[in-house]
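Colleague: Sequences and hints are given; from them, build the entire structure.
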Amino acid sequence: MSATVETQGLSASAELSTTFSGASGQRRLLHLGLHAAFIVLCLVYMLPFAWMLSTSLKMDGREISMPPQWIPSPIVWENYYRALTALPMLWYLRNTLIVTATATTLGVIAASLAGYAFARLRFPGRNLMFGACLSTLMLPGIVTMIPEFLLFKEIGWLNTFLPLIVPWSLGGHALGIFLFRQHARTIPLDFDEAARVDGAGAFRIWWSIILPLSGPVLATMTILAFIHHWNDFLRPLVFLLDKDMRTLAIGLRLFRSEYLVQWNLLMAASTLMLLPILALFFAAQRYFVQGIVMSGLKG
Amino acid sequence: MARTMSTAPVSAPVRRHFLSQQAIEGYVCITPWLIGFLCFVAGPMVAALVISFLDWSMLAPPEWAGLANYRRLLADPLFYTVLYNTAFISFLSVPLQLIIALVIALGLNEKLSGVNLYRTIFYLPSQMPVVASALLWLWVFNPEFGLANALLNALGMPPLNWLFDPVLSKPSIVLITLWGGIGTPLIIFLAGLQGVPASLHEAAAIDGAGAFARFRHVTLPMLSPIIFFNLIIGIIASFQAYFTLVFITTQGGPANTSMIYILYIYYKAFRDFDMSYAAALAWVLFLIVLVLTAINFLLARFWVHYEGAEHS
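Residue numbers (my numbering), protein chains in the order written: chain U, 1 to 299; chain E, 1001 to 1312.
These aren't lab readings, by the way, just hints derived from the structure by calculation.
By construction, the Cβ of each residue, glycine as well, lies at the ideal position given by its N, Cα and C atoms.
No false leads were mixed into what you were given.
Stretch by stretch, here's where chain E covers chain U in the computed footprint (C-beta under 8 angstroms, at least three residues): (1) 24-35; (2) 121-134; (3) 138-144; (4) 278-292.
Modeller: In structure tokens:
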């Protein structure tokens, strides 16, 4: 679909420039100006990253100099090792991986089941429930967190990973439900009917017909969920009070209070936290884009 | 493409004897979501409302307090400070993000070479884990050795206290969000611009419309539903999204000048364990979000141009 739009746009600009054949020189000038502006702007946007990287490789004490030295000498790669071992960062990483992997997997499955039901099964109250589901997107999470805290305290879930996993495993990813519903509506209903003639129930149809046809949207949902859980800060902050249960995001924040003077280690730890997201982004860029476009264009 | 061509409308008549079975199956499939919704959204919402009418400090058993928490809220000077700070940051940050993203998207839409590289660079900051980017900016704005003051120094200007200056704390936070917040709207605008039919631009160009006139009378009206939708959604999301940034960098200071609404609720609930007052604050926030959403629906009917941009 984007391909058609693009060729449409290209042919249009070609037609436009033939309409004004004298304007092609002007157009080249415009492009030159745009490139110059974008390069400057990109440098501005990259500057904080460069600053982070440069600081993370500096020798202790060298990061606090004015004017700053951009190319560290010597380059201290060891900072990354020290950042990993200074606090039990590897332990925090393990906690984050447990939460992220479980909550993402279960959350995507739950969201696809709900999205499938909203898209392809007819039952009284469906639209009302879907409206309720969408409205949770607007709800600031903190509004429900006070009673949740009291509830989790009562049933012994504080200091466990359950508050970070269970709500999502029960369809907490409203955006994922929405994305899956939009996608499932485009699959022909004949598929379901043929399966029903063969005696398949709704679960079978969802699992063995709809899910195999949903690779891209599942990838988009997985990425959105992964990033959500990897970056989640407020819920771990409130529900995980115990030292041993901390996630990376919380651990990094502790780094700030305990190592505030050692900016080189702090920046090394920040860079390490960014790396998995960066890798995921470059491996699956188009699913990032797809998720944003699908959710943001609904005017 | 082929799949969308053969789309069957969901409202297609389904054979009669499937209906009741399908309804049962529908309820079975929706049950996990329904349980989650009742236990972690609807139930807590009602519970928060009830708690806001109690006097409950976690130490003593709760007592009915009627509207006392709401009266206290109206008399709390910090409540108004917090409202002002939140409005200042959100109403400045989100529109500016959209304007910058729109300008960049318009430039990138000129069929430049290297669009993907530019787009990636502008998008990347938005993918940085917020804790990491908050720490990075805390370092950038470090009054003694930070990048920001190094740049000012290079330009021969005196250093500033940025996040730690009562006047500059809010603008500094807005500045950070302009770095980290344009990625999403940029991608949305780029996709939206591709949906503007080229024929409209051609027709306008043939009628003698210049670049600015075409933007004003063709592109902008076609994009307006997307801009408006993302403005309201962005403002609502910013109430929650800026928590981590502010919590890590200024912690609401100096002198509460960057204390935003969510952070205030957090401190009241989970630092002071003033649960019932925090619940009242949370419900007022919920009502504010409700009003903004209603404004979104009402205003959209008046001035937003819905045509052609329909997707799905």
